[in-house]
Amino acid sequence: SEAAFIGTAIGASSTGLRAVAELMFIDFIGVCMDQLVNNAAKMRYMFGGQVKVPFTMMTRIGAGFGAAAQHSESYYSIFSHIPGLKGVCPSDAYTAKGLLAACIRDDDPTVFFEHKGLYGISGPVPEEPYVLPLGKARTVREGTDVTLVGISKMTWIATAAAEELAKEGISCEVIDLLSVSPIDYDHVNESVQKTHRLVVVDEDTPVCSMASEICARVAEEVFDYLDAPPSRVTAPHTPVPYSRSMENEYMPNESRVITTVKNLMNR
Numbered sequence: 015s016e017a018a019f020i021g022t023a024i025g026a027s028s029t030g031l032r033a034v035a036e037l038m039f040i041d042f043i044g045v046c047m048d049q050l051v052n053n054a055a056k057m058r059y060m061f062g063g064q065v066k067v068p069f070t071m072m073t074r075i076g077a078g079f080g081a082a083a084q085h086s087e088s089y090y091s092i093f094s095h096i097p098g099l100k101g102v103c104p105s106d107a108y109t110a111k112g113l114l115a116a117c118i119r120d121d122d123p124t125v126f127f128e129h130k131g132l133y134g135i136s137g138p139v140p141e142e143p144y145v146l147p148l149g150k151a152r153t154v155r156e157g158t159d160v161t162l163v164g165i166s167k168m169t170w171i172a173t174a175a176a177e178e179l180a181k182e183g184i185s186c187e188v189i190d191l192l193s194v195s196p197i198d199y200d201h202v203n204e205s206v207q208k209t210h211r212l213v214v215v216d217e218d219t220p221v222c223s224m225a226s227e228i229c230a231r232v233a234e235e236v237f238d239y240l241d242a243p244p245s246r247v248t249a250p251h252t253p254v255p256y257s258r259s260m261e262n263e264y265m266p267n268e269s270r271v272i273t274t275v276k277n278l279m280n281r
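Counting from 15, one number per residue, gives the positions in the sequence shown under the numbering used here.
Hints are computed from structural coordinates only; laboratory data are not their basis.
Don't take each hint at face value.
[Claimed, not checked] The calculated SDA-like cross-link candidates involving lysine to any residue, where the alpha carbons are at most 20 Å apart (straight line), are: (1) K150 x K208; (2) K130 x R258; (3) K56 x V34; (4) K111 x P196; (5) K111 x G134; (6) K56 x S94; (7) K66 x I118; (8) K130 x Y108; (9) K111 x G137; (10) K111 x A151; (11) K130 x M72; (12) K130 x P253; (13) K208 x D198.
Please read all numbers here as calculations on a predicted model, not as lab measurements.
Required output: the full structure, derived from the provided sequences and hints.
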């Protein structure tokens, strides 16, 4: 069972091994939460730093494949809420290799979220070993009018929208968040101080989401730089539908990002 092999891996990592376990779909995480939340995330704290838990859980996220509600969720925002856990969402092959290496080398439990929609995207990957830092975002497109923050596959959606908006004279800066726990607020805030507008593109549902948290922190920390309220483009607050036509409408898309940005520019 999922609870058994996740628990076994956590136990192995707490006794000196570097354990990696794969949970095929994040939708199955419910039966593993006791092992992750009450054991992996808390051991170092409860034992005064005497126990390390270098455990990596790899799991798949994302809709868009007609796999219905029990095989299509994202749920990374749940893990950002749990102290003691780290989480990453790579957006391409290069970041996947570098972040997975970082997760395995880290002495704390980490969750590696793979979006199923990225498996068919190829790109350059160095053959030599390299490690990308945990907790750091990256800018994938420079801009001056609006900051777009994308998570996992949504970075591609944000970039595609930015390319279309550029044809209309709107310059978008695109940030690839990469880390959902911890979140690189400094990187986001620095960009917003330049562009004065923010849109977060997040495939997860909107309530207590990464998008809502980032918007809240930006409003708290760089409010005086904003020319318009921070905005979100997310999935609706429903399970993922099975119908392909409904699923296509459910997921954030380029058109919705473009409309949101234009509304911000007109405020």
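Original post:
Are the Cα atoms of K150 and K208 separated by 20 Å or less?
Top reply: 19 Å, holds
Original post:
For the pair supplied as a hint, K130 and Y108, is the alpha-carbon distance within the 20 Å limit?
Top reply: Given that 20 Å is the threshold and the Cα spacing comes to 16 Å, the pair holds.
Original post:
Quick one, are K130 and M72 close enough, alpha carbons at most 20 Å?
Top reply: Given pair K130, M72 holds - Cα atoms ~12 Å apart, limit 20 Å.
Original post:
K130 and P253: Cα distance at most 20 Å?
Top reply: 17 Å, holds
Subject >> Satisfaction of hint between D198 and K208, Cα-Cα up to 20 Å >> reply: Within the cut-off at roughly 16 Å; holds.
Original post:
Going straight from one Cα to the other, do K66 and I118 come out at no more than 20 Å?
Top reply: 13 Å, holds
Original post:
Given the hint that K111 pairs with P196, does the C-alpha gap stay at or below 20 Å?
Top reply: 19 Å, holds
Original post:
If you draw a straight line from the CA of K111 to the CA of G134, is it 20 Å or shorter?
Top reply: Distance ~15 Å between K111 and G134 Cα, so the pair holds.
Original post:
Are the Cα positions of K56 and V34 separated by 20 Å at most?
Top reply: Holds, at about 18 Å.
Original post:
Between K56 and S94, does the CA-CA distance stay at or below 20 Å?
Top reply: Distance ~14 Å between K56 and S94 Cα, so the pair holds.
Original post:
Going straight from one Cα to the other, do K130 and R258 come out at no more than 20 Å?
Top reply: Holds. K130 to R258 sits at ~16 Å (cutoff 20 Å).
Original post:
Does the alpha-carbon distance linking K111 and A151 stay inside the 20 Å limit?
Top reply: 15 Å, holds
When each numbered hint is compared with the structure, no violation occurs for any of them.
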